[in-house]
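Asker: So you can see what is in the structure, the chains are spelled out below.
Number of protein chains: 2
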Amino acid sequence: MTAGTAVHDTRSRLLDVALTLFSEHGIEGTSMQMIADELGVTKAALYYHFKSKDEITEAVALPALHELDQILDDARTKRSRGAQIEHALGGFVDLIVRKRTLIRLFNSDPGLQRLVNRTLQAPKDEDLRTKLRKVFAGAGPSLADAILVHVMSAGLAMAGGAPEFAAIDDDTLRQHLLDLGRRLLGRPRR
Amino acid sequence: MTAGTAVHDTRSRLLDVALTLFSEHGIEGTSMQMIADELGVTKAALYYHFKSKDEITEAVALPALHELDQILDDARTKRSRGAQIEHALGGFVDLIVRKRTLIRLFNSDPGLQRLVNRTLQAPKDEDLRTKLRKVFAGAGPSLADAILVHVMSAGLAMAGGAPEFAAIDDDTLRQHLLDLGRRLLGRPRR
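One line per chain: the protein sequences are A and B, in this order. 1 is the number of the first residue of the first sequence in the UniProt record's numbering; add one for each residue after it. 1 is the number of the first residue of the second sequence in the UniProt record's numbering; add one for each residue after it.
Derived from the structure by calculation, the hints contain no laboratory data. No false leads were mixed into what you were given.
Ranges of calculated distance between the beta carbons of each label pair, as one might list FRET restraints:
(1) B:S142 - A:A83: 28 to 36 Å
(2) B:Q175 - A:R81: 23 to 31 Å
(3) A:E126 - B:T101: 27 to 35 Å
(4) A:D94 - B:G140: 23 to 31 Å
(5) B:G140 - A:R187: 23 to 31 Å
Derived coverage of chain B by chain A (criterion: at least 3 residues anywhere in the stretch with Cβ under 8 Å from a Cβ of chain A; other residues may be distant):
(6) 150-158
(7) 161-170
(8) 173-181
Glycine included, each C-beta is placed from N, C-alpha and C at the ideal position.
Could you put the whole structure together from the sequences, leaning on the hints where they help?
Answerer: Below, the structure is given as structure tokens:
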């Protein structure tokens, strides 16, 4: 193992531990000391990786947004509108199901919401919300389609992250969310 | 005007002013002094009506929840399942559209979310979330139906309160949300 992968492993374990603590105690209720204790390292060692809890929060949340961005980019390479929508919906739902703990946290933490909203609106090449809308509803969506995409994406994410559905296994939850997404989008049921 | 109605009017104006300030500055960013200033009264006069900002927040939010509770109770008096669902959906969507500012605030403020969630789960006779689910999906809903009701209610509320749709007039927004609710519930379009 090179020094590089060791640092990478520590960082990734750190983010896992942080997400678990965040989901148990809330982001506000989790201190750098608690993260260090859980990792079995000193606070100084923790600060070697991240300057602040905000930086950790960002590092916990951003990969999921980048993944969504990638899913939407991939979807746009598909030839037909139908294939684009199927790819985007499948990827979006799969991401929700896999990242349920993070989404549950997002639904209840204002700091994380602000961070995600900044990122969703960040005009890199194109913000994530606009991209989501274009993939699902085309380049110049009607108002009806814009509202549809909002209801669908918010509804699926809120339900996927809801505490009352936390015990449902991934495959079952994925299938139900996919069915509802298809129904809203007027896609045939599989 | 009796003293009773004068107090009632002051209280209701106070709540209007508080909601406006909350939506402009956030609940955290709004002080009792700001509310008093905007009302043109002293802080002492404000404290005559409410002991704390938390009490004001609660008084701003609770009427909407009671209204929803009433809509669901009314829906259950209808004879057919179809009529129950139509009444509940129409009332729910109408409430979202009329209370958009409050819902936008709810979607972004953790204190208000905690308050509403406590109320949603409060076991008076039956909590509001359970009631919502029963009216839309029947007494013993399948998992699919439970997820459907969650996607629908969260999706419609999130979209209805979304800043990007704030400029849409009430009738247009109401019609779009109704259409999407009907589509999810498998109801005929009107």
